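Each chain is listed here by its residues.
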Amino acid sequence: MTETIAVEARNAIKAFGQGDVAVRALDDVSVQIRKGEFFTLLGPSGCGKTTLLRLIAGFETPTSGSILLDGKDITSDPPNRRPVNTVFQSYALFPHLTVAQNVSFGLQMQGRPKAEVTATTDRMLALVRLEAMAGRKTSQLSGGQQQRVALARALAPQPKVLLLDEPLSALDLKLRKEMQTELKRLQTETGITFIFVTHDQEEALTMSDRIGVMSAGKILQIGGPRDIYTRPANRFVASFIGETNFLPGTLRDGRVILASGGSIEVAATLRNAGNVTVAVRPEQVRIVPATEPDALPATITDLVYFGTDTHCHMALADGSEVVARLQSSVSGEAGLERGGRVGLRFAPGAAQVLGE
Amino acid sequence: MSMSAGEEAAKRRRVRDGWLLSAPALLLLTLAAAGPLLVVLVYSFLTPGQYGGVVWEFSTDAWVGILFTRDIFTETMQLADAHLAIFWRSVRLSLLTTLITFAVGFPTAWFIATRPPKARALWLFLITIPFWTNLLIRTFAINEVIRNEGILNSVLMAAGIIATPIQILYTDTAVLIGMAYVYLPLMVLPLFAAIDRFDMRLLEAGYDLYANRWQVLRRIVLPIVKPGIVAGSILVFVPSLGAYVTPRVLGGGKQMMIGNFIELQFGQGRNWPLGASLSMLLLLIVLAALLVYVRAAGKGGAHGQ
Ligand SMILES: Nc1ncnc2c1ncn2[C@@H]1O[C@H](COP(=O)(O)OP(=O)(O)OP(=O)(O)O)[C@@H](O)[C@H]1O
Ligand SMILES: [Mg+2]
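Residue numbers (UniProt numbering), protein chains in the order written: chain B, 1 to 356; chain Z, 1 to 305.
Honestly, the hints are just simulated from the structure, not real lab data.
All of these numbers come straight from a predicted model, not from anything done at the bench.
A few of these clues could be false.
[To be verified] Straight line, CA to CA, 25 Å or less: simulated SDA-like cross-link-like pairs of lysine to any residue:
(1) K137/B to Q215/Z
(2) K226/Z to Q18/B
(3) K114/B to V221/Z
(4) K226/Z to G17/B
(5) K137/B to R92/Z
(6) K254/Z to R92/Z
(7) K118/Z to Q18/B
(8) K35/B to P223/Z
(9) K137/B to A296/Z
(10) K137/B to L217/Z
(11) K118/Z to A134/B
(12) K177/B to K114/B
(13) K118/Z to Q146/B
(14) K35/B to D199/Z
(15) K226/Z to R81/B
(16) K226/Z to A134/B
(17) K114/B to P223/Z
(18) K160/B to P223/Z
(19) K137/B to V221/Z
(20) K137/B to D199/Z
(21) K226/Z to L141/B
(22) K137/B to K118/Z
(23) K114/B to R213/Z
(24) K114/B to L217/Z
[As the list claims (entries may be wrong)] Not the full set, but computed from the structure, chain Z residues with beta-carbon under 10 Å of chain B:
(25) D71
(26) E75
(27) R213
Note that CB positions come from ideal geometry on N, CA and C, so glycine has one too.
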C-alpha cells in the first residue's frame, strides 16, 4: 500500500542545542500522509509543527529517523532536489520581482522550456485570480493578494506535496474565511497533497481530511475531524479541540461513578481502569427537571448569551463545573435562571472516557 | 482648488521669507563649494607663469595639453602617450580596486551580517579601526609588509618557497594592494547595511523553488543588495581615482596616477593651468562614473528576468 502514501516520517527526532540546553522539538514522530489528502498539523505554539514541516521541506535534517517521499528515503536530499514546495508564513515573496516573475521562478529554476513557463505561470495566476496583477511588484499588493502569489508560486512547479505553515495567520477574519475556501478549492482542483499547519482548531476541523494533533514534540492523535472531535484520545486533545467538560470518577462495570455523586453509563467494552476522566462536550449536555430520576443534580451558576447559543454554567454536588451549550431561543431560556436547581443528562454515547 | 488673493500673497511672502532666511547659508555654501571650483576652472584657461602660478592671459593650451604635447623642434602636436598611460592606469587600477574590495568585502559583509548582534558590533568595530589611523601610516605599514626586505618576502624566503625576493613594491600590484586595503571598509560598510536588511528567509524560499546556491546568490541576493553594491563601488572608485598618497608611497615615482600627476603640475612641473585642467577632467570622469552608477541603480528592480 506504500503507493498511496505521499510523505512519511519515521521515528523522526529533532533536537536543537547541545547537552543541558537541548530542546527536543520533535520527539519520535511517525506519521503517514496519504496522497491527495488535506492533512493538518494542529497544536499549540512551540509544539514542533514548523520543525516537522522543515524536515519534510529539507531545511533541517532530523537528529535521527527518516523522511520518505513516495516511499523513497529523502532524508539527506537538499530542499532544491525535493519535489516539495512551501508556502511560508511570512510569504517570503521576492521583492525585486513582479508577481509573474515570482510565480515563474520555480519553473525557471527547474529549467522548463520558456513556452511552458509562460503558459503555466498564466494558468497559476488565473487559478488564484491574479491575472490583472501579473506585472506588479509584490510590495504593491494587499496581504490577501500576497498570500495568493505565495500559493501560486509554490503550486506552479506542480510539487508532489505542498507545505503550508500557518499561511492564514496574518490575515483578518473575513479574508481568512475566504482564503480557507480558496485553499480547499485549490487543493481539490490540483489534487496535490497539502500539509497544512495551524493552531486554530476551527480552521483544522473545517478544512482537513485528517488532522494530526501535536503537543510538546509528539503527535498525540491522528484522525478525521469528526474522529478527533468526538473521540479524543486523551485529555490534551479533548481540551485543545473545542470546549469540554471533564468529570473525574471511577470506572466499574460499564458505568463511571462520578466524584460528585451519581453515575453515567459508558461503553461496556471499557476495562475497569480505576480512576478515569469523563469528557463531555457542552452541546451534548441536556438540562432536565431536577426531579427526573437518574439525572445528575446541579445548580445553575451563570447564563452567558452568545447569540446563536447560550452557555449555561452549572455546579455539581462537589462543586465541579459543567457547561451546557443550548441553542438560544428568542424569548429567553424558559425555566433557567441563576441559582435554579436542575438535572443533567448526557446524550447517549457522548460521554468519552479518557485514560489520564 | 483656487486660492484667494490674500492667501496667494501670504504664500508668496512665506516663500520670499524662506529665501531671505536661508540666504546666508546659501551664500556660504556657494562660496565654499563653488568658489574654489570656479577658481580652478578659471585657472585652467590661463597661461602658466614662469615660476609657477598663472599669468592672466586667456589660453586653451592647458586643455589641449591634457591629450597633446607640442614638439619643441618641429612645432607639431603629438598625442601625449605618457598622459594617456597615466589616465588609463588610474581608471584601470581604480576599477580593479573596486573589484577586489567587492570580492573581499562581500563575503566579509555577509559574514558580519549573519553573526549574532553582539558579535556583529565587534566585527564592525574591527573593520573600522584602520579608519582611525592616519592614511600615511597605514600605507607605510603596507610598504613594510611588501618591500623586498619586508615581512612577506622574509617569510617566503625563510620557508624556502622563493630564493630571491619578489619585487612587489613600486609596481601596480603594490598600488592595488595598498588601495584595496585602504578602501576596503568603504565597501564593507554599505554592503553590510544592505545585507543586514536582506530577509534571510528568501534564501530558503529560493532553495525551496529548486534554485541551487549559485542561482540563489545571482537571482535573489545580488539583485536585492544591489543598492549596497552600487554605494560601495562609488565610495571606493571615486577616491581611488584621485588617490595620491598610496600610489606615491607604494608606486614610487614611476607608477603615477592622476592625483600624482596633478600634484606634479603644481610642483616641479610649474604648469598650474594644466594641473587645473587635469583636476577638472578628474571631476568630469568622477561625475560620468556616478551617472553610470546611478542609472544602473535606478534599474535595480527590473533585473529579475
Ligand atoms: N533553530 C532552532 N534552534 C533552537 N530551538 C529551536 C529552533 N527551531 C525551533 N526550536 C524550538 O523547537 C520547538 C518547536 O518549534 P517549532 O517552531 O517547530 O514550533 P511550532 O509548533 O511551529 O510553534 P508556532 O506555532 O509558535 O510556530 C520550540 O521549543 C522552539 O523553541
Ligand atoms: Mg511554527
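Here is how each hint holds up against the structure:
1. K137/B to Q215/Z: Holds - the C-alpha atoms of Q215/Z and K137/B are around 21 Å apart, at most 25 Å.
2. K226/Z to Q18/B: 38 Å, violated
3. K114/B to V221/Z: Holds: K114/B and V221/Z sit about 23 Å apart, inside 25 Å.
4. K226/Z to G17/B: The hint is violated at about 35 Å.
5. K137/B to R92/Z: 38 Å, violated
6. K254/Z to R92/Z: 16 Å, holds
7. K118/Z to Q18/B: 21 Å, holds
8. K35/B to P223/Z: It is violated: about 38 Å lies between the C-alpha atoms, which goes past 25 Å.
9. K137/B to A296/Z: 19 Å, holds
10. K137/B to L217/Z: 20 Å, holds
11. K118/Z to A134/B: 42 Å, violated
12. K177/B to K114/B: At roughly 36 Å apart (the allowed maximum being 25 Å), K114/B and K177/B break the hint.
13. K118/Z to Q146/B: The given pair, whose Cα atoms are some 34 Å apart, is violated under the 25 Å limit.
14. K35/B to D199/Z: Judged against 25 Å, a Cα distance of about 33 Å means the pair is violated.
15. K226/Z to R81/B: 28 Å, violated
16. K226/Z to A134/B: Status holds; Cα separation ~24 Å.
17. K114/B to P223/Z: 22 Å, holds
18. K160/B to P223/Z: 30 Å, violated
19. K137/B to V221/Z: 17 Å, holds
20. K137/B to D199/Z: 17 Å, holds
21. K226/Z to L141/B: With a Cα-Cα distance of about 23 Å, the restraint between K226/Z and L141/B holds, given a limit of 25 Å.
22. K137/B to K118/Z: 35 Å, violated
23. K114/B to R213/Z: 22 Å, holds
24. K114/B to L217/Z: 22 Å, holds
25. D71: 56 Å, violated
26. E75: 59 Å, violated
27. R213: Holds. Min distance 9 Å.
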